[in-house]
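Engineer: So the sequences go chain by chain: V, Z, P and D. So in UniProt numbering, spot 151 of the first sequence is number 151, and the numbers just go up one at a time. So in UniProt numbering, spot 63 of the second sequence is number 63, and the numbers just go up one at a time. So in UniProt numbering, spot 300 of the third sequence is number 300, and the numbers just go up one at a time. So in UniProt numbering, spot 255 of the fourth sequence is number 255, and the numbers just go up one at a time.
Since the hints were derived computationally from the structure, they do not count as laboratory data. Yeah, the Cβ is synthetic: ideal placement off N, Cα and C, and Gly gets one too. Where hints are given, some of them may not hold.
[Said to hold, decoys possible] Here are the computed distance ranges between Cβ atoms for each label pair:
#1 D/Arg-410 to Z/Asp-411: 35 to 43 Å
#2 D/Ala-270 to P/Glu-263: 56 to 64 Å
#3 P/Lys-215 to D/Glu-229: 17 to 25 Å
#4 Z/Pro-228 to D/Gln-219: 21 to 29 Å
#5 Z/Glu-31 to D/Glu-229: 53 to 61 Å
#6 P/Gly-292 to Z/Gly-377: 33 to 41 Å
#7 P/Ala-270 to Z/Asp-411: 15 to 23 Å
#8 Z/Arg-218 to V/Gly-312: 54 to 62 Å
[Said to hold, decoys possible] Which chain P residues stay away from chain Z? Per the calculated CB distances, all over 10 Å, these:
#9 Ala-95
#10 Cys-100
#11 Pro-121
#12 Arg-125
#13 Val-375
[Said to hold, decoys possible] Cβ-to-Cβ under 10 Å is the rule here; a few derived chain P residues that face chain D:
#14 Ala-220
#15 Asp-223
#16 His-389
Number of protein chains: 4
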Amino acid sequence: MKIAVVGGGSTYTSELAEGFGANAAALGIDEVVLVDPAADKLAVIGPLVQRIMRRHGSRARVGWTPNLDRGVDGAAVVLLQLRVGGQSARIRDEAFPLECGCVGQETTGAGGLAKALRTIPVVLRIAERVRRFAAPGAWIVDFTNPVGMVTRALLDEGHRAVGLCNVAIGFQRRFAGLLGRAPADVVLDHVGLNHLTWETAVRLDGRDVLPELLKEHRQAVADEVDLPEAVFADGLVPSYYLRYFYGHDAEVERLRTAPSRGEEVARIEAELWDLYQDDTLDRKPELLSRRGGAYYSEAAVALMRSLLTEDGAVHAVNLRNRGFLPYLPDEAVIEVSARVGAAITPSARATLGPRQRGLVSAVAAYEELGVEAAVRGGERRVYEALLAHPLVGQHDLAEGLTRRLIATGRDHLPWA
Amino acid sequence: MKIAVVGGGSTYTSELAEGFGANAAALGIDEVVLVDPAADKLAVIGPLVQRIMRRHGSRARVGWTPNLDRGVDGAAVVLLQLRVGGQSARIRDEAFPLECGCVGQETTGAGGLAKALRTIPVVLRIAERVRRFAAPGAWIVDFTNPVGMVTRALLDEGHRAVGLCNVAIGFQRRFAGLLGRAPADVVLDHVGLNHLTWETAVRLDGRDVLPELLKEHRQAVADEVDLPEAVFADGLVPSYYLRYFYGHDAEVERLRTAPSRGEEVARIEAELWDLYQDDTLDRKPELLSRRGGAYYSEAAVALMRSLLTEDGAVHAVNLRNRGFLPYLPDEAVIEVSARVGAAITPSARATLGPRQRGLVSAVAAYEELGVEAAVRGGERRVYEALLAHPLVGQHDLAEGLTRRLIATGRDHLPWA
Amino acid sequence: MKIAVVGGGSTYTSELAEGFGANAAALGIDEVVLVDPAADKLAVIGPLVQRIMRRHGSRARVGWTPNLDRGVDGAAVVLLQLRVGGQSARIRDEAFPLECGCVGQETTGAGGLAKALRTIPVVLRIAERVRRFAAPGAWIVDFTNPVGMVTRALLDEGHRAVGLCNVAIGFQRRFAGLLGRAPADVVLDHVGLNHLTWETAVRLDGRDVLPELLKEHRQAVADEVDLPEAVFADGLVPSYYLRYFYGHDAEVERLRTAPSRGEEVARIEAELWDLYQDDTLDRKPELLSRRGGAYYSEAAVALMRSLLTEDGAVHAVNLRNRGFLPYLPDEAVIEVSARVGAAITPSARATLGPRQRGLVSAVAAYEELGVEAAVRGGERRVYEALLAHPLVGQHDLAEGLTRRLIATGRDHLPWA
Amino acid sequence: MKIAVVGGGSTYTSELAEGFGANAAALGIDEVVLVDPAADKLAVIGPLVQRIMRRHGSRARVGWTPNLDRGVDGAAVVLLQLRVGGQSARIRDEAFPLECGCVGQETTGAGGLAKALRTIPVVLRIAERVRRFAAPGAWIVDFTNPVGMVTRALLDEGHRAVGLCNVAIGFQRRFAGLLGRAPADVVLDHVGLNHLTWETAVRLDGRDVLPELLKEHRQAVADEVDLPEAVFADGLVPSYYLRYFYGHDAEVERLRTAPSRGEEVARIEAELWDLYQDDTLDRKPELLSRRGGAYYSEAAVALMRSLLTEDGAVHAVNLRNRGFLPYLPDEAVIEVSARVGAAITPSARATLGPRQRGLVSAVAAYEELGVEAAVRGGERRVYEALLAHPLVGQHDLAEGLTRRLIATGRDHLPWA
């Protein structure tokens, strides 16, 4: 069984390698291939992945190649973790919306749309090669942001894809800690859209303990999601990303002074690459944990196992709505705890309140328009998507952001 | 047949009187009674209404009373056009949201919620008396803002109510002018929520001429709705109230310098009362047209006729959604062109795009929470409604606005 | 020797009574008279002051009266600590500027101007009575905000007045604590305008230890002034009030959520009045320290001693510039450490840098225009003063603030 | 007599050539040399200048060279009109301040500081070569923005320099038009700092007609300066650049939607270069008037004549304050109408009111700190200058702007 990692030259990949190594037998991995246009990065990260997997005792073959067709050839699972334009594009995504007083963020708002617009065409081209060269019935697992929109674009084109996010697994670990239980004992109801989710139940031996958990650990939860308690006094715990909505202006103020996340990550990555030069290194460096994407490897490996073995375990994944949230179109892509067996079916109950429902509906409408803009192009579609976004919503802003998005992103926009 | 006008001491009532007078025979009006706690206002406006109706040749009895039970006794239609707290409460509604950088407006945002919170309990008390004293099967026609929320509260309590707005009739007259046709020839598809509507078709002899109309009169339409063309380049024409959404920040800037609408109306009303002192006056003064509510009387009289005769004519009314917009709950109250016959059923097609759908969903969620806050009270419910509103949406703003709404509105909030 | 306290019905007065009591002999006080239009407050606070002074062993007569002429009759010192319009006017001053996105504060910006406009005419009327009835050569000591502008208005009319602020004494106590020395050992160079001052030297036995103090206690100083260290990395320590300038927008954000200072003080005052009802109480309650004005009594009593004995001690006072800051007009009123002997002459060196100089010049220009607006009245003068204020500075804001200032303050503006 | 134009490859130079050509005899010009590092631009603009001057009948030699030393060798006047970093640096200057909610402009605020920081070191290096190679007593005439700060830096280093701006000549032409008189009949009192000036008198045959002019043409003046009348109801007419102060937030809103001035100019310049390719062209194209800098050539040529002939004519120039505005340091550089004879002495009266005085003092303090930051470098000095600027003034903004200024401008900052 072969796994291909597209964007395998990323500093993230050592995290993945730990997961592949520890689970190689359970997953039946015969081969891991890293694919990346950056051959120089592969020359460093490839051997490191090999050493890490060897450290775990895995005998799986590890390969690396800038050739996409060869890389995905015969793969059973293709993991997408690419970043079109690199950190410098991200830094621009985080900066230009601020010129209009809007939050600069790489997965939502105008910055998220910019990323979607340059990423979706690339992902769709890759998926075409996967369709042609990968093993029959191969899965595409997307970890490339904005995961919801990328997954929707893949599904719209008929690919066998599922989107993955590490927010739910982070909550599971944190809640398990607060409850003094092993993570495996804790099953979440996680509902919404990618980066717009709420934990609506925390099941321990089948019983929902979220109300008690909130009673005893209200402040710890507030710290975790970086939002005041009032925001989840209705009993539904928003993800950390909701602060871009519930705390938008404060976040804009913060970004005016603080270095952007992209600048920080660029610094961390430079340090990581220094560490990676050490050709005796055979484990992911501690520093990687500050890179973001905590537990990503665990989430990814566990999901692959379920996809390959159809074991029916619960994962938080991105998939078609198909009536689960009745106020969204069937074709919308939602993120929800789901049993991954022969089919993938939501295990959570769809219990969002009116406040969540309104916001989810508005963002889902934006995502629909955003995917259309990414696939079909055109300034007018960009404007419509931005005007639909609850963090934009105004003509002047949509117009100014459209102009800036196209001006700063032109190099990666095929139609501009 | 008797009509009762609750809030009949308003300066608006002379407009209504023109409509009643001109249609008294067609409607079969035997009696009009104005009800208002302000007996001094009734003593002026009552005789004026009488003179206006006489001028039209009507022989219907005209009465006035501060006694609600007596006023609605035996009425077939009860028209609600009251303003709890008067213009001074409105002026406060328009000011306090600005302290938080939010638009101050009497029908939407925090100002609109303030109005809903103080109005709905009063309207529900009135409706109880209507249920008890009016004729069996009497209609309540609500023109009191926010019409959508007030109508929903009435329907939730089982009243036979319909909400009325003058936005659609205004568009009909304006479009008829642009098309060079009589208003009666023009039938609109008007869809959305009260003060959050779009004209989605303009039918002339059954054919939708909106695309041509927009092609030829794009600038005139932009002027009419006070929004740039880009906002309706998708072919759906938003009402003038959408500028509080699509032009929110510009509106806030404008309000910082300009006198508020409430201050202007207070000035106009003072002038109107001066004119009303003339006991030979027998027509509504020209000045009334600057008071707002253009064509209100025509819309109201025409709607009453359809309610009483079940003639199946098309009116833009507020009623239960019941599946018309599939992304809204059945219980939501929408505003839509509808045939008013034995039943009231939408005549428009539900063709809003994703951009409109997202916004309508978000505002409908706010309205649901807002009605709950009005009926059940409590700071927490006010906060939840505000946090759900797309023009608020942030914790800090919702908290600051909640505190201010309660502080400035306390006198009219039974639970505060 | 008689002292009159105008505004003696304030909750502050028990603080003053402690100072008078402890220093009655040294000051040679024969009589203290509290003057206040609120006779009911005097009936509570008068006996309390008497009990406090008795507790200190003072035999001075304590009187109270709503009659200004009788109260100041024969007084050697008249202390002004009044608040025209009470806390409710203050609460309005703190709210209306927020509608324009400007800080709401009672001593600076549009709120401070509102207070100046209603206070200066009242103070000038009082000063006329002092001129007529007080002892020849009597001093007016002004503690009424905005102290700089009020003092300037008094001096412009030829009164023998000096302005007092408690910022400098607060710094002296705090710095003494950090240095491990008695307050009396610490002499400050305090320079600027009222509520726009910097500590430019901290003298210990004649030597300036500010550089060392900043080196060792940088964070403690930052906490004290509620500003980041970068703001005083040039070695000049701004007062706490500078955060309304250097942290303006953050302060506006804070005020949007937090209850205003006036609302807090109103709550504290209500509690204080409850405590004051106890007719065995013979000391100021601990709670008073949360009322603001810390060390005010010590500063005031010490200053009176110097005024009466011409002992040449150093106090931070408000007086004419007369060339001390060469970039300000001679008639400007500055706040500076000064020796109070037969004459009052600055003891500090005028060592502000260009950054401070620019801000001080701009605010002094505002104060000149603001005093003119207070004395001569007129919407146009209010607008000019606001346009000159560095926290306003824009036409739209000045226009919107002028309209609101006059609308909310009309009752206390003789010319409006 | 030789004139050197540093930055002679600019599209502006054809405007200058018209002036040189028309006045070659009067000025006694023997030679004009254009100096520019861009040899390709010189190859186009040099021959064009030659053709324009020939068209005027001038026989002066026209040369061009990228070699600075050779270019200024023996020159009697060296005109500086360079743009370090070109339009792309300007476009960045106009964009980055918007990320912090501050106006993006190339001569004031954070954008103006960015330009000063990269320009002053280059200008000072050029001036050193002028000192060494130009004729003894040669004048440096600076038209490079920010003119006030550049001129100050030149004077601080002992150069014989004067700064020139085209604002005053623009007013003179406009006022002459309104008055129905020839421009030469109109003499202005123009007072302030570069791009922060007011017209305080308009002399016609020695008499000040500004009050009448404002009475009759108030709206025309408001249109000219793009500011509401209230801003100059005190009788002093601010320059167009004051709208960045008096209309700051509105300007920020405008910039969020509109293309930046730099983007527009870049477009115009591209068109101009197309026109300049025509080697029969012998006059400046009409299009140049939309490039900015109207009347620049007339102002520059007239000033040179006065500098060379000491004719005592009045020009608006940048020079040392030396007590003219008593609230500014002697070393400050002001912009004022002055007689240019054997000495250059202000002809205007220093009649600014308190409102102008406060703003001028604050900006002068910023300029002092800004020149120091340009000459000596260092993040800390940049921060201090920004914190001193009235359009910044806040710690968070100064910190965020400092970081961005250095990040976007690093290539041209020798110390960063």
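Engineer: Would you mind marking each hint as holding or not holding in the structure?
Structural biologist: Against the structure, the hints:
no. : hint                               : in the structure
1   : D/Arg-410 to Z/Asp-411: 35 to 43 Å : 60 Å, violated
2   : D/Ala-270 to P/Glu-263: 56 to 64 Å : 59 Å, holds
3   : P/Lys-215 to D/Glu-229: 17 to 25 Å : 53 Å, violated
4   : Z/Pro-228 to D/Gln-219: 21 to 29 Å : 27 Å, holds
5   : Z/Glu-31 to D/Glu-229: 53 to 61 Å  : 57 Å, holds
6   : P/Gly-292 to Z/Gly-377: 33 to 41 Å : 35 Å, holds
7   : P/Ala-270 to Z/Asp-411: 15 to 23 Å : 20 Å, holds
8   : Z/Arg-218 to V/Gly-312: 54 to 62 Å : 57 Å, holds
9   : Ala-95                             : 6 Å, violated
10  : Cys-100                            : 5 Å, violated
11  : Pro-121                            : 27 Å, holds
12  : Arg-125                            : 32 Å, holds
13  : Val-375                            : 27 Å, holds
14  : Ala-220                            : 18 Å, violated
15  : Asp-223                            : 15 Å, violated
16  : His-389                            : 9 Å, holds
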